[in-house]
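Participant: Here's the letter readout for the chains.
Protein chains: 2
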Amino acid sequence: MRTEISSLGEFGLIDHLTKNNETVNAGTILSVGDDAAVIDQFGRQCVISTDLLVEGVHFDLMYTPLKHLGYKAVAVNLSDIYAMNATPTHITLSIGISNKFSVEALEEFYDGVYAACEKFNIDLIGGDTTSSKMGFVISVTAIGEVAPDKYVTRSGAGVLDLLCVSGDLGGAYLGLQLLEREKKIFLENPKIQPDLESQAYLVGRILKPEPRADIVEWLQENGVVPTSMIDVSDGLSSELLHICTKSDVGCVLYEEKIPIHEDARKMAIEFNVGAAACALSGGEDYELLFSIRQSDYETILKNPAITVIGHIVGKYDGCNMITKSGNKHKLTAQGWNAF
Amino acid sequence: MRTEISSLGEFGLIDHLTKNNETVNAGTILSVGDDAAVIDQFGRQCVISTDLLVEGVHFDLMYTPLKHLGYKAVAVNLSDIYAMNATPTHITLSIGISNKFSVEALEEFYDGVYAACEKFNIDLIGGDTTSSKMGFVISVTAIGEVAPDKYVTRSGAGVLDLLCVSGDLGGAYLGLQLLEREKKIFLENPKIQPDLESQAYLVGRILKPEPRADIVEWLQENGVVPTSMIDVSDGLSSELLHICTKSDVGCVLYEEKIPIHEDARKMAIEFNVGAAACALSGGEDYELLFSIRQSDYETILKNPAITVIGHIVGKYDGCNMITKSGNKHKLTAQGWNAF
Chain E
0 MRTEISSLGE FGLIDHLTKN NETVNAGTIL SVGDDAAVID QFGRQCVIST DLLVEGVHFD
60 LMYTPLKHLG YKAVAVNLSD IYAMNATPTH ITLSIGISNK FSVEALEEFY DGVYAACEKF
120 NIDLIGGDTT SSKMGFVISV TAIGEVAPDK YVTRSGAGVL DLLCVSGDLG GAYLGLQLLE
180 REKKIFLENP KIQPDLESQA YLVGRILKPE PRADIVEWLQ ENGVVPTSMI DVSDGLSSEL
240 LHICTKSDVG CVLYEEKIPI HEDARKMAIE FNVGAAACAL SGGEDYELLF SIRQSDYETI
300 LKNPAITVIG HIVGKYDGCN MITKSGNKHK LTAQGWNAF
Chain S
0 MRTEISSLGE FGLIDHLTKN NETVNAGTIL SVGDDAAVID QFGRQCVIST DLLVEGVHFD
60 LMYTPLKHLG YKAVAVNLSD IYAMNATPTH ITLSIGISNK FSVEALEEFY DGVYAACEKF
120 NIDLIGGDTT SSKMGFVISV TAIGEVAPDK YVTRSGAGVL DLLCVSGDLG GAYLGLQLLE
180 REKKIFLENP KIQPDLESQA YLVGRILKPE PRADIVEWLQ ENGVVPTSMI DVSDGLSSEL
240 LHICTKSDVG CVLYEEKIPI HEDARKMAIE FNVGAAACAL SGGEDYELLF SIRQSDYETI
300 LKNPAITVIG HIVGKYDGCN MITKSGNKHK LTAQGWNAF
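Protein chains in written order, with numbering that gives the first Met the number 0: chain E, 0 to 338; chain S, 0 to 338.
Since the hints were derived computationally from the structure, they do not count as laboratory data. Watch out, some of these pointers could steer you wrong.
Heads up, the list lumps identical chains together, so a pair's fine if it works in one copy or across two of them.
Claimed, not checked - For lysine to any residue, the following SDA-like pairs were computed, each having C-alpha atoms within a straight-line distance of at most 25 Å:
1) 118 - 191
2) 66 - 177
3) 329 - 43
4) 118 - 10
5) 132 - 261
6) 66 - 2
7) 66 - 132
8) 323 - 65
9) 323 - 280
10) 132 - 23
11) 18 - 101
12) 118 - 181
13) 182 - 199
14) 327 - 65
15) 190 - 301
16) 183 - 117
17) 132 - 315
18) 132 - 65
19) 66 - 8
20) 132 - 104
21) 132 - 61
22) 327 - 221
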């Protein structure tokens, strides 16, 4: 018998392969199934997350500067740690490289890695360097700490909680479309050099995402503990459904509330796509999506980088978006499905 | 300017890329440059190691059963944690897979992963699953614990300490040669089915290495704290030079003392290579190489799985092997150099 991976999809595959995974160590507090795992370290808690980035799947070296790639490889991992309401402290970095890379090229990559480490006060403490006959492969594991039981999972959202998101969404997806378009033009006519400077915001969103350390810090300083949290790597729709499934609730999302940057709005028109669709299904924005208690509403209003986009409802009301025209649309997971 | 990676080699490359790596967190006890890193977790110590395995470089799916591969991917990481005199507790596992894999094939791989987890009491707590257009990629990060300051690095060997190794060496290399030979015969004439059953020991050494949890446990129970330790992944010669370089000492190794299994001896004759050369440069045996104080000699003798193979001398005496014929040979690193 042969079951195709595509018949399960990414999330189905992970569920399938880990469904019999039993933990035996008393120190294992939270295992597979969230942004990161939590283990008890002698009464304090340690948060761990890992990502694998593969050339041709996650990045295209034709338009990705190696320094940005190094920065991003670290950034996306830190984002998972922040999404647990934790503070990252250490990373390990493994790379598989072909001999098409020069030492200077790798130095550029590491410059980006160290820039991210410096910005977020992270120590690079180990890794593995190996050859690869099949392109560039990057694996980062991030380790963080959190005060006992102060970590925030995907599963704590309660009915009437407010749904919040940081920054703006859809920009990374549109930046990627722009780079892909310019690549195609360049391949067809190498004399035409792309002018991307006027689109620095969107290009920056895809090439150099910034994990929202500032949001986690602000929430802590202002005494707001989200009831659930996740980072937006696969698109708002997919992440909302993760929170609702894990929390056993439904949600109402208001299309008009979704924060979208002016540059993204304009570019969406140029590409003839809906800006909201880019936010819902685009992914790679690395913003934080979280739910808060209604009692924290006044506090949240003080932070202009946080937008309330909807609220949690009962499970049987489902997960829906109210469109600008007032229609109700069922949210569906687009997410990642490269198989 | 373009510097080829091959001009630095694996170890030179890592040194080069990490030479400006400064750690900022007070909790970072031991960073890049040993089998694993050590970080302080609120007064107790956490040991972390990571490996990246790439199809076509580290394994050949033509003769590697997926279940064995899953087991080995975990085992080689645990070996790094044991080499720090620590006890592994958790792993994360990331895989990059092409759609040539079926769900059933991945289940086999995970069966091996879970078998290793069960045997060594490890919890699989997280990971990443992604597609890969370029073959199978596996990244494992292992996390362990050790009593404060009881971890053992590569850098503590002192003059007159005794050099010890667990188990026997060279078998994994000969097992690999055997599999490569049978693969070649099979490709030339698919009607000839390999009979590997009579070589179960050597084939097992390469396909299903066992990290020496038992040795670490025995040393602890018998009150022996090695002055330095490393696991034998790249060959005895390379590992000995790591210990000597990091400890700023030299060593004398006696060829006749190197433990070699009877099956390995016979196969070395069949392949017309020196069995000792296989032990020195072959790699993948995943035994433990460590130094002990002379005062622990009597204790060590009680364990038949440990062999004393030489001793530490001053730095200026260099790193040498005394051959069976009584000649002195300078040890050179063969190690890994796939570029």
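Participant: Would you mind marking each hint as holding or not holding in the structure?
Facilitator: Now the hints, each set against the structure:
no.	hint	verdict
1	118 - 191	neither (36 Å within a copy, 60 Å between copies)
2	66 - 177	within (20 Å within a copy, 43 Å between copies)
3	329 - 43	neither (41 Å within a copy, 49 Å between copies)
4	118 - 10	neither (32 Å within a copy, 28 Å between copies)
5	132 - 261	neither (42 Å within a copy, 35 Å between copies)
6	66 - 2	between (40 Å within a copy, 18 Å between copies)
7	66 - 132	both (22 Å within a copy, 23 Å between copies)
8	323 - 65	neither (41 Å within a copy, 51 Å between copies)
9	323 - 280	within (17 Å within a copy, 68 Å between copies)
10	132 - 23	neither (37 Å within a copy, 35 Å between copies)
11	18 - 101	between (43 Å within a copy, 17 Å between copies)
12	118 - 181	neither (31 Å within a copy, 52 Å between copies)
13	182 - 199	within (16 Å within a copy, 53 Å between copies)
14	327 - 65	neither (43 Å within a copy, 47 Å between copies)
15	190 - 301	neither (50 Å within a copy, 75 Å between copies)
16	183 - 117	neither (35 Å within a copy, 50 Å between copies)
17	132 - 315	neither (50 Å within a copy, 40 Å between copies)
18	132 - 65	both (19 Å within a copy, 20 Å between copies)
19	66 - 8	between (32 Å within a copy, 22 Å between copies)
20	132 - 104	both (17 Å within a copy, 22 Å between copies)
21	132 - 61	both (18 Å within a copy, 16 Å between copies)
22	327 - 221	neither (34 Å within a copy, 70 Å between copies)
Consistency with the previously given hints fails for numbers 1, 3, 4, 5, 8, 10, 12, 14, 15, 16, 17 and 22, ordered from lowest to highest.
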